Structure formats: C-alpha cells, structure tokens
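**Q** Quick mapping for you: the protein sequence lines, in order, are chains A and B. Heads up: the first sequence is residues 1 to 234, going by the numbering used here. Heads up: the second sequence is residues 235 to 581, going by the numbering used here.
The set of hints was computed from the structure by calculation and includes no laboratory data. Given the structure is predicted, the values throughout are model-derived calculations rather than measurements. Glycine included, each C-beta is placed from N, C-alpha and C at the ideal position. Not one of these hints is a red herring.
Listed below are the simulated EDC-like cross-link pairs for lysine to aspartate or glutamate, each with C-alpha atoms no more than 20 Å apart in a straight line:
(1) LYS554/B to GLU522/B
(2) LYS43/A to GLU282/B
(3) LYS468/B to ASP529/B
(4) LYS182/A to ASP12/A
(5) LYS449/B to GLU259/B
(6) LYS468/B to GLU551/B
(7) LYS144/A to GLU358/B
(8) LYS144/A to GLU328/B
(9) LYS468/B to GLU571/B
(10) LYS468/B to GLU427/B
(11) LYS468/B to GLU528/B
(12) LYS43/A to ASP304/B
(13) LYS43/A to ASP285/B
(14) LYS468/B to ASP484/B
(15) LYS449/B to GLU404/B
Here are some chain B residues the structure puts well away from chain A; computed CB gaps all over 10 Å:
(16) ALA286
(17) LEU365
(18) ALA510
(19) SER532
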Amino acid sequence: MAEVLDVLRDLDWSPLWISLKTGAVATVLCFFLGLWAARGVLKLRPRARAVVDGILTLPMVLPPTVAGFFLLLVFSLRRPFGGWLFENFGLKVVQSWAGCVIAASVIAFPLMYRNARAAFEQVDVNLIYAGRTLGMSEGAIFWKVVIPNAGPGIAAGTILTFARALGEYGATAMLAGNIAGKTGTISQKIAMVIQNGDYLTAGIWVVIVLVIAFAIVAAVNLISAKKEKNPKRW
Amino acid sequence: MSLEVNIRKQLGTFTLNVSFSAQNEVLALLGPSGCGKSMTLRCIAGVERPDAGRIVADGRVLFDSARNIDLPPQQRRVGLLFQNYALFPNMTVEQNLAAGLGWAGRNSPLVAEYLHRFRLEGLEHHLPRQLSGGQQQRAALARMLITRPALLMLDEPFSALDAHLRWELEQEVLAITRSFGGTTLLVSHNRDEVYRIARSIAVYGQGTIDRVGEKWELFRHPRTAVTARLTGCKNIAPARWGQGQAAVPDWGLTLAAPAPEEPANCVGLRAHYLQAVSRPGENVFPYEVVSSIEDTFSVILMVRPVDAPRARPIRWELSKADYAALPPGQLVRIPPEALMPLTDPAS
Chain A
1 MAEVLDVLRD
11 LDWSPLWISL
21 KTGAVATVLC
31 FFLGLWAARG
41 VLKLRPRARA
51 VVDGILTLPM
61 VLPPTVAGFF
71 LLLVFSLRRP
81 FGGWLFENFG
91 LKVVQSWAGC
101 VIAASVIAFP
111 LMYRNARAAF
121 EQVDVNLIYA
131 GRTLGMSEGA
141 IFWKVVIPNA
151 GPGIAAGTIL
161 TFARALGEYG
171 ATAMLAGNIA
181 GKTGTISQKI
191 AMVIQNGDYL
201 TAGIWVVIVL
211 VIAFAIVAAV
221 NLISAKKEKN
231 PKRW
Chain B
235 MSLEVNIRKQ
245 LGTFTLNVSF
255 SAQNEVLALL
265 GPSGCGKSMT
275 LRCIAGVERP
285 DAGRIVADGR
295 VLFDSARNID
305 LPPQQRRVGL
315 LFQNYALFPN
325 MTVEQNLAAG
335 LGWAGRNSPL
345 VAEYLHRFRL
355 EGLEHHLPRQ
365 LSGGQQQRAA
375 LARMLITRPA
385 LLMLDEPFSA
395 LDAHLRWELE
405 QEVLAITRSF
415 GGTTLLVSHN
425 RDEVYRIARS
435 IAVYGQGTID
445 RVGEKWELFR
455 HPRTAVTARL
465 TGCKNIAPAR
475 WGQGQAAVPD
485 WGLTLAAPAP
495 EEPANCVGLR
505 AHYLQAVSRP
515 GENVFPYEVV
525 SSIEDTFSVI
535 LMVRPVDAPR
545 ARPIRWELSK
555 ADYAALPPGQ
565 LVRIPPEALM
575 PLTDPAS
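Here chain B stands alone, though its shape is the one from the complex:
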C-alpha cells in the first residue's frame, strides 16, 4: 500500500501546503495544534476538499484537481479514527459496528468477530455514553477496521484518554498497525508517543512540512529549529559557527564544536546531554543555578555561566540520583558532539 499526497488548501489567512509519501509503514504527522495535521487527514479521507493537488493510494487516484477527480469518501476505502471517536450516540455498540456494512450489516458474522477481537463482548447493547474512554476507543477502532480500509488514519488517538489508560491503548494501537501491515498515518503532538509507534515522521511547521524522515535520523539530526523543538530539544539559540567552534551570545559562551556539514545559524542542545564534571577542560565552565524545578523522576536546573550574568539560562535535566551526587565546584561540560547545528529562517 503506497500513498502519495500533495495538496494545497487555503483556510482564511492560513495556507496548508504539504506533500509526502508513505509505503507500508506508520508515518506520524507531528506538529503543534493548529498546524494543519488533522486537515491533512480529512483531505485524504475526502471529508474536506483541497483547493489543488493530488492524492494517490495504491495507484488509485482519490483526488486530482488537474483532472477534476474527487472520489466521494464512501469510495476511498480510507479508515479515519476521529479525535473524539465520533461513535454514533444513538446506536448501540453492535449497531455502530454494523453501520458501515450496509443494510445486511446487523446479521453479518463480521460483527460478532470484531466484537470478540476488540473485547467488546457483553457491551453489544450499550450506548457509547455508557462506555469508558478505552472501550469507546476500541469500539471506534473496531467500527473502522470492520470495513477493511486500505489505509488507516488515526487523529490524536490518545488525547481524549486519562494518562493511565494511554499506555494500554497505545499497545493496542501498536499491535493493530503491525497486524494491519498497510500504511498508517498517525497525527500527534506528543513526540514520545510518535517515537514509540511510528517509524517515519513528518514534522509540521505552520501549514507546511518542515522535514520528513526516519525517526532516528530526525531525533539525532533535526537540522531545523522547528524540528528540533518538536522533537523535544529544550535549548535553542542563535549561533555563529566557525572553524571548530560555535559562538552563542545568548548563553554567553563560545564552545568547541565539530564544523557543521551545512550552513547553520542556530544551535540546539538537549537538556539531558549536559554533564557535571569536577575538573576544568574543554567546554567546561563554572555555572550558577538560576532556578531548580523538581520533576517526577528528575531535576531541572536552569543554569548560566558565572561570568555571564545576563545570559539566557540553559535547561539541564538530570536524574534525582545524579542531582544528589553533583560534585562540588559547580562545573558543567557541554560535549561538542551534543551541539546540533540548526537553521532557523526567523533568526
């Protein structure tokens, strides 16, 4: 199952203009809310109409503005799991599952099979509002899969769930996407969720795709400030990259760093990669703590060089054990290989 998408849609002052392709894999669309991820899914499903572009699934043209093709959603064979699940509130679980099977649906053996597969037995005659959040999600997944879609699309599937349920349902979704085998698109704004479920990621900026690639590559080399931020990089600052070093005025530091492969005007540093040391050396500086915040299993320190009192603090995250064992002398090292060259058109 291959998918090629290239669409443009104007929404007031906001323009969605994206293109990507996917081949039998889980592709995550990662981005902040309001960046056009959900609209992309809706255009592929056919419930929203792009202004221009082309959508091809497995060689079938679903939409092509140049050739005036616009298949109705009923003929696209695309499964879309809505953010709030959109179960029909007036129908029982059983009727919801049968809704997509046509007039003979209620008597189809498929309904019983899917009720069993999604552990909904005993809930057949319940209305959606009588189900828990997890049961609602399973019912919505069953209703979508029973119609045998050629492409799965999940729109923020866990956002409506309590935190303790997320993990369990994430495992379930992961199993479904594996057994499905075709192309799955997952919309999310949660980088951890995306990293666990997807193989490839398309990072959205405002209405455009900033970068697409395999997750390992994107998390290790984000290359742009937008992608760095969305993959969870907490320290991003303008930088002048020179021979073997990077000058970062915001931090009040000039640091040894490998020369970037491409021109860069920013630097990124993940909060976990700072190291406490006891001896001076390369990229080691004495720091002062501007503030410290205790998190569940870690401590977040906002630090800056002692000799740069006006510098913007750097976020440093370390486990509680490491925090308790901080050596005296207040020296911190920034490993040169931890400095990520980034481009940011805004700076």
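Same shape as in the complex, but just chain A:
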C-alpha cells in the first residue's frame, strides 16, 4: 500500500490532461463533421450512399496502424502536403499535439457519423416534409426539428466518440509519437511503463481508465433509457 502512495505522490499527471484535451478537441471536430456527413449521406441516392458510407466507416474497421500509415503519407514533413503546411504556416502535425488530435479524430469519426446517421433515420421523415410545406428553410428544419428529435442518439454518439478518442493508441503512436508532456497520452504511457516492467504505475493508469470508461458507458445508458417511461424487460 505504501508503494502505491509513493508512486501516486510522484506520478506525472500529464498523460491524463493530454488525453482529456485530445479527446475533447477531437470530439468537437467529430461532432460537427459527423453531423454534416450524416446529413449529406442521407440525401444521396441508395447506390452512392453505400459507397460513401463505406469510405466514411473505414477507419472504424481498419487496424489503427493502417490509418496511421495513411496519415503519415499525408502529413509527414517529407511529403508534399505536410511539407507545404510546415513551410507556409509553420504547422507541424507529426510528433506534435496536433497529430494526437488528428489521429484521434480520424479513428473516432465513424462512431459519431454512424450514430448520428442512425439517429437521423429514426426521425419521422414526415416531420421534415411538414417543415418544407410550411416554408421552413432547410437549415431551420435541420437545427430546430431534426437535431432535437435525434437528440438521445446524437448524445450517445458524442460520448462514444469521446471515449474512443480518449483511448486512441495505434494511429497516435505513429503520427504524434510519445513525447512526455506533449503527446504522451494515457494509452501510450501504459504501453511504455509495461515495457519497463513497472506494473504498479501501469495498474494505476489502468484503474483511472477503467473509472472513466465505466462512467462513459453508464452515461450512455442513462441517456438512452431516459425517454422510456416503461422500460421493457425480458
């Protein structure tokens, strides 16, 4: 027990803040991009919809290292786009916190997009039609009718997106690296200390992650159960 307290006293808490910050920013990005993509996809014809949906969902089914590979292809300073960003704007994505955010966003995006799309599909299309015949603009229909009525599904999607972004490992390690105090997230910290055989520190971080993860899942369940007055039980 004394050992645990010793480790806790000297613990570098930066991985927690880096992970939370990364998760928060990635969630905001994914929220708007996911809603926008879901809305766009629902306006497509079925065949185009299947193709676009497949592309948008890919990051969820691919190994994160494959996503990391593509991200490096784009953002590496030795590649045209990455080099151009650095020379003209001084922006460096590789080995930087921006890399953490981009990697987490790409991996977590499909969760937001798919949940938003499912939530939109639950909204009675007649409400949208009614809004149109009443002369409401498409924007007003989206923000005042569709989003509120898709609320619980979108909230659940947002929380899951945050959870996924928080724990991202593979693509982050490749794009942002593991620089203590800068890009060192909790997941990377755990992997690193395990390699040094420091199970105690790893265990402490594991407990922190478990607590956050459980809180998130409980929150999702509460949100989706809220509407049901008489929950059905098997």
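Since the structure of chain A is provided, determine the placement of chain B on it from the hints.
**A** Okay, now just chain B, sitting in the frame of chain A:
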C-alpha cells in the same frame, strides 16, 4: 384558385399515372389504400418528385418536367395535413404554430389569433404528446392555415381518430374548407366521409383515376365496376345485356332492365334497393336466406333464388323495422331502374 395536375411516377412495379383538375371546390381522391392517393398529394406538395408531368396552380407552374421546373415545397404555398399530423414533438403548440412564420414567428400576433380560432388557448405550452387526438388535429390545421396556403390538401384527416371524435372534427374540417373558399383536396377511403365533405370525387383504381365527376352523378351512375365498388355497391356480377333485359348467370337470374346507354359487361345492385313484396310480378322471385347478419341498425340478408341453389348470394340490407315486417311468402323484387350497367375490363 385552379389546379391542374398531370403526373406520372414509377414506384417499383407500381405506376402512378393521374391527371385531373379542380376549381375552387373540394375534390376528394377516393380509393383503396396503396392506390397512390397520398403519393399524388405529396407530388403536388413537392416533397416527392414525379418522373414526368406538369402541376399548375393558379397559373403558377409548380412542376413541369418538360421545362425542367421543380419549385421547392417552401415556395409552392401548398398546405398539407399529414395523416399522423406530423406535429413537431419537441415543440410546444405555440412553437409549432410559429414554425412556419420564420424567425419573427413567435412574436407574431397571428399565433394568438390562430390559437384562439382553433380553441387551443390554454394549451400553448403543451407538447403534442400531451394533446388529445382532436386537439392534435386542430393544432395541425392551425399550423397549416397560419402560413396562408393557396391550396389545402388533407391526407386521411380522420383516420387517426376514435369514431366518436370523427363527426365533430369532420364538421370542423367542413367549416374550414367552406371559409377557405379555394381548392381543397381530400384523400380518403371512406365513401360516406367523402360524400359529406366533397362536391367532386376522383375515384382511384390502381395508380390511375377511374372516373372523376360530381358526387351525385358518380353515386347514381358509377359506370365502372371499380367506381361502383368504391361508392359502396355491394352486388357486382358479370352480366349479358340484351333487349330490355340483363342475364346474370352468377345470380341465376334474367332480369328486366332498361337498355344501357353504353356497352356494359357487368351489373351492379345496391344492397338497399331490393324490395320485399307479397305478390309475384316482374323481377320478383322467391328467395331463400343463405345467412343473415345483424348490424347496428339494419339486418343484412344473403339471399338467392330458390330455383338456383348454386347461385352466388345477393346482399340485401334492410332496416330492423322492415325486417320485422317482412311479408310471408319470401318474395323479393329487384326494381329494373336499380340495375346499374357497369364495365369491368377484368370480366
């Protein structure tokens, strides 16, 4: 307000192909479910797109495939009352009414005026799910009319209501269409409702309009088997029409009947028009009762001629008083003028 519609739309194996016009009147679209009535309304409102055709309201072209015109629903000034009312569940009654008035809507004096007109005062801050079916319908009507549409379209407006509420709301809708004065389209599968509210009727077959006309004419002379059935004719059978008579093998009868004005291959007979008689005569035959069903205020007898035991029974509907006073001898008469010549491409 005039309306001209001529549209075609393919939906899987089903083709909707209709054309009709209406002028400051209530025109009912009467037909079985799945015949394309609601789709017609949605095409006029602009929330569905026909494959081809033309829709013109008051000289304004709403849709014209040949000239590539397709006005968005927001610009069509067409009010559509949805079957389930489609009130926005996240908004209060007041917000629902204001939704179509743009950003300044909430403060508009129109909202208070329409809340009053549709007896929704006191319910302003209720959500749609807290309203009764009748209140929901009034809220949906108010929300539609507050935007001052040039054309009203009601999609099965009473189907979501309990029977005892229907009558009251039907009166309300009737009053609204009268004071509106413009063209109203009413979609329904209920012939009685249609007869009470509308002046003209377009009878739908499968994706096409079978007949359009004033209701009196259509109910008296349906001319086609489809229209006869939808206007509630219960007895329809193939028939050979000859000089002053019609042979109806299904019923086992050859009946005196006025010669049809147009070629016909079927006969229709409304269940109320059979007469109980006590003496033999023209079109009188002895009958046997195959089955009898007691309805709320009438009795339905399924009868056939005694000498034709394999004939298809004829449906005869009579009031309970008439049933109690049926003369002995079991004779029934089919008045010649009650026999309606019909055409049916299927027989």
